[in-house]
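A.B. asks: Go ahead and model the full structure; you've got the sequences and the hints to work with.
Heads up: the sequence lines are chains A and B, in that order.
The first sequence finishes on residue 556 if you use the numbering used here, and the numbering steps up by one all the way, no holes.
The second sequence finishes on residue 556 if you use the numbering used here, and the numbering steps up by one all the way, no holes.
Treat the hints loosely; a few may be bogus.
Note: identical chains are not told apart, hence a pair may lie in one copy or across any two.
16 Å max Cα-Cα, derived EDC-like pairs, lysine to aspartate or glutamate [said to hold, decoys possible]:
no., residue 1, residue 2
1, Lys361, Asp157
2, Lys543, Asp237
3, Lys22, Asp211
4, Lys465, Asp384
5, Lys22, Asp440
6, Lys538, Asp237
7, Lys44, Asp496
The set of hints was computed from the structure by calculation and includes no laboratory data.
Protein chains: 2
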Amino acid sequence: MTTDIEIAQQAKIRPILEIAEKVGLTEADLELYGKYKAKIDMTKIHELAAQPDGKLILVTSINPTPAGEGKSTITIGLADALNRIGKKTVIALREPSLGPVMGIKGGATGGGYAQVLPMEDINLHFTGDMHAITTANNALAALLDNHLHQGNELNIDPRRIIWKRVVDLNDRALRHVIVGLGGPIQGVPREDGFDITVASEIMAILCLATDIDNLKERLGKIVVGYTYQKEPVTVADLQIEGALALLLKDAIKPNLVQTIEGTPAFVHGGPFANIAHGCNSIMASKLALKLGDYAVTEAGFGADLGGEKFLDIKVPHLKKAPDAVVVVATIRALKMHGGVKKDQLGLENVSAVTAGFANLKRHVENMQAYGLPVVVAINEFVTDTEAEFQQLETLCHQLGVTVKRAAVWANGGAGGLDLAEAVVAACETKEANYQRLYQDEATIAAKVTTIVQKIYGGKTVVFEKKALNQMKTFANLGWDRLPICMAKTQYSFSDDPTAIGAPVDFTVSIREFVPKLGAGFLVALTGDVMTMPGLPKKPAALKMDVDDQGNALGLF
Amino acid sequence: MTTDIEIAQQAKIRPILEIAEKVGLTEADLELYGKYKAKIDMTKIHELAAQPDGKLILVTSINPTPAGEGKSTITIGLADALNRIGKKTVIALREPSLGPVMGIKGGATGGGYAQVLPMEDINLHFTGDMHAITTANNALAALLDNHLHQGNELNIDPRRIIWKRVVDLNDRALRHVIVGLGGPIQGVPREDGFDITVASEIMAILCLATDIDNLKERLGKIVVGYTYQKEPVTVADLQIEGALALLLKDAIKPNLVQTIEGTPAFVHGGPFANIAHGCNSIMASKLALKLGDYAVTEAGFGADLGGEKFLDIKVPHLKKAPDAVVVVATIRALKMHGGVKKDQLGLENVSAVTAGFANLKRHVENMQAYGLPVVVAINEFVTDTEAEFQQLETLCHQLGVTVKRAAVWANGGAGGLDLAEAVVAACETKEANYQRLYQDEATIAAKVTTIVQKIYGGKTVVFEKKALNQMKTFANLGWDRLPICMAKTQYSFSDDPTAIGAPVDFTVSIREFVPKLGAGFLVALTGDVMTMPGLPKKPAALKMDVDDQGNALGLF
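C.D. replies: Take a look at the structure:
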């Protein structure tokens with residue numbers, strides 16, 4: 001079988017200027033990074049702001065399983081298909097993190113004939129955005145520890161610093177560390193920890209900022225810790241928001257690449273949806289909306305995570321709600337949610353499809369509850385049977401939702417024409433009446449409870465002692481009016497990764513909140529979720545290599 | 001007064017393709033990073049290998065002082081001047097580290113009208129080489145700690161791991177840390193530490209590698225620690241040299257930029273000369289030699305550090321010795337070496353020039369001892385007096401060395417014509433008979449002692465207990481045949497930063513060796529030298545900013 005990297009390397013990649021010209025961009029609007037990648041010039045971004053928005057399609061999915069769903073693959077294939085049926089379409093995706101690439105996941109650029117190119121570059125250092133974010137995050141940490149060391153004029157309590165360092169790698173040994181050891185000239189000893197870069201507040205800020213001034217303002221609002229009097233200390237107090245913004249001056253500009261079929265794709269910003277807000281940048285989404293009649297974008301993991309955060313956190317800043325939502329599933333994944341083990345997925349099992357449909361159903365109903373038209377997309381696998389799909393179709397019809405098969409992995413845009421027609425029909429015949437799930441004015445507890453009950457289908461929320469105390473403190477500080485960014489396992493509606501399908505009557509535990517004033521939300525940590533992943537016993541890195549001409553090998 | 005960044009931003013920068021064409025490179029040979037930066041395609045690099053080398057000019061200096069010397073400024077101005085007198089000249093410089101840029105030093109791209117452009121980009125993330133090196137270094141650390149966590153098949157002793165993590169920042173709080181805390185699922189607790197990226201062995205390897213295969217071979221040889229039986233464990237044992245090389249596949253390609261006057265400049269690789277080998281990459285130097293009739297390059301800090309390492313570590317791999325060496329000084333810096341305080345440097349002081357000349361004299365004699373023609377370059381300051389320069393001229397004539405003033409800061413290449421003529425004369429009329437300082441076959445103790453006595457002018461070397469034990473162990477392992485990379489303060493010939501001028505009769509202490517088998521040398525740590533710098537009380541970052549169009553402010 002041909003692998004993704006082989007398909008990508010055999011694909012005919014076009015100079016990025018050719019792709020840009022399809023949507024009216026000229027050479028002067030581009031800052032080239034090699035022949036096939038470009039950032040968009042800031043002047044052009046400002047200029048396009050006056051253009052009307054196209055239609056916005058949000059691609060989300062069921063809870064992921066080891067069987068695979070292919071949300072990026074569908075996003076890319078759907079956009080290729082929309083272009084094939086005459087709708088000028090532009091993609092907005094997140095950029096991959098090296099952590100999962102080197103760890104277990106491999107690439108994050110779609111699959112088969114629905115990929116963005118050049119996949120090796122996008123999966124490795126790309127245009128350096130991740131590294132700029134890592135550097136800005138760690139420069140802040142170094143300047144903060146230096147402030148402690150040089151006399152601590154702001155009276156910061158080293159025990160109450162909440163700003164962590166980051167690396168764009170899976171590195172469990174850095175989760176809990178002690179820094180500043182070695183004596184008086186080596187800094188001030190304290191407990192610290194590293195997150196993965198995608199969980200950095202600076203990543204969230206970059207993705208939510210509307211321009212450089214807004215970026216700088218948000219950076220200034222970051223709370224890094226508290227004084228001995230428990231007053232919050234911000235980046236503005238340290239007077240370094242200018243330096244941090246300077247480090248991000250290029251990273252903030254969206255990156256243009258192409259699909260195998262030549263559809264323009266902005267790949268920019270990459271927060272994970274389980275431990276962060278899971279959406280690509282506002283600036284990239286805006287560009288896609290300004291340049292395309294249709295903009296297709298995705299949000300991370302299932303609709304309970306990326307989908308909910310897209311609608312409750314990103315949309316108010318984007319000032320544009322989706323015109324339709326595509327919920328991606330596979331027959332195989334539904335069967336896993338229905339109780340089938342991974343090694344049995346090759347066998348037809350209609351009743352397992354019926355059982356697993358409960359997971360899809362809840363996600364579809366959730367998206368409909370936001371007032372949005374929904375289309376279900378089934379990413380085809382060779383093992384799917386006609387009986388299984390017909391059963392799914394029956395169940396979807398009972399639910400009143402359109403379902404379409406898409407063979408974009410095997411056939412690119414040509415495999416997604418039915419899906420594209422259904423999405424266009426949803427946009428043109430159904431009215432989107434976007435309603436947010438909660439109002440910012442609600443209490444923290446009420447907002448969390450609303451998400452747990454209305455989106456997850458849970459019964460109650462238990463706030464652990466630390467979280468309870470924080471809710472009081474945050475209310476006193478006026479931070480209780482911020483939206484909530486849930487940090488939760490992606491595998492289940494609940495906070496227990498083994499509770500697949502559509503669990504009911506469960507309790508979600510909130511152990512701690514992390515205030516992200518620059519991003520403008522409070523992260524709620526549920527269950528055992530970790531903001532720094534680990535590596536598996538046999539990491540993907542073991543298979544990676546490069547030949548003497550610089551060609552990547554073993555990326556998948 | 002116009003600042004460096006103002007001069008740089010007002011300069012007329014040319015499309016990099018225009019610069020490339022001056023030395024016969026075409027668009028196909030370039031990988032553009034924006035309009036003004038490019039990496040050179042690997043195919044072209046292989047193709048050029050068959051070309052003859054031009055003349056090689058090494059620019060080095062006296063021991064640096066707070067008065068400033070301007071080695072990069074002279075390197076750039078000299079190359080501009082050589083082009084003005086009809087010699088096709090190409091520059092090879094190191095790329096700056098963000099640590100000093102955000103800390104105390106500011107930019108590292110020359111000064112006044114002798115700068116490389118675009119200075120903001122080069123001083124910030126440039127083409128991402130530093131970040132690729134940081135990532136490869138830390139991926140190795142994560143994979144190593146993961147190996148411990150996942151059963152430790154190689155039987156690595158966590159107490160004997162010598163591979164450190166890095167950040168490209170000054171961050172003293174990371175010098176000594178404990179990682180792996182938090183219980184059984186968070187890795188294996190152990191002592192660890194972070195160096196600055198420029199001190200990473202991977203930086204040294206990137207700079208000494210001749211191609212990707214050689215890079216991979218060197219990466220495989222890195223010793224990361226020892227087993228419980230004290231056997232060395234390498235990257236090849238972990239089977240990840242392919243993944244690390246893949247992360248470096250673009251970083252290994254030299255970066256082409258331009259001077260204000262349009263001279264092509266390769267800016268690539270950036271090890272510090274006090275804690276690493278201090279030279280830009282072999283691949284960049286080779287390109288400069290293949291494309292220019294003259295290649296002008298620099299080595300970090302004084303001739304005791306960068307100069308010695310260029311000649312004893314880099315030349316054997318470059319397979320080309322300098323045709324002439326330029327030793328840079330300023331009248332102000334000589335007066336500081338002669339005992340004048342910084343606030344008194346504006347006053348004429350001929351006798352202090354005479355006293356401080358001892359520092360310059362020793363460096364000149366050292367370079368001559370390698371069999372190389374030497375020219376002294378005085379980087380002019382407005383406070384220099386005619387009497388001071390005449391005294392210096394007299395002293396240089398007594399030493400039998402040509403001395404030229406260069407006003408390249410104020411006038412660019414036009415201010416360096418005399419210097420350029422003198423350098424050409426040295427190359428064309430004097431014969432270089434390069435002789436290395438020591439032979440690899442000498443013992444470790446003998447090599448270190450030779451450097452201390454012949455280059456530093458010291459009397460004896462004291463090897464502390466750990467260093468003594470290591471010399472025995474390393475001899476048993478066959479590592480004693482490697483050259484020595486001294487880690488020593490840049491401010492003095494000795495290991496005491498306050499002993500300026502030309503100290504005699506001093507002792508140098510070696511506290512520890514760090515084996516760098518991939519780079520192919522042993523680092524000898526002297527005195528209190530640290531491989532992770534700290535930030536000052538008022539870091540340069542406090543003045544940095546960016547406007548809403550993305551223009552950098554406060555970089556200097």
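A.B. asks: Report the numbers of all earlier hints that the structure fails to satisfy, in ascending order.
C.D. replies: Numbers 1, 3, 4, 5 and 7 - these are the hints that the structure violates, sorted from lowest upward.
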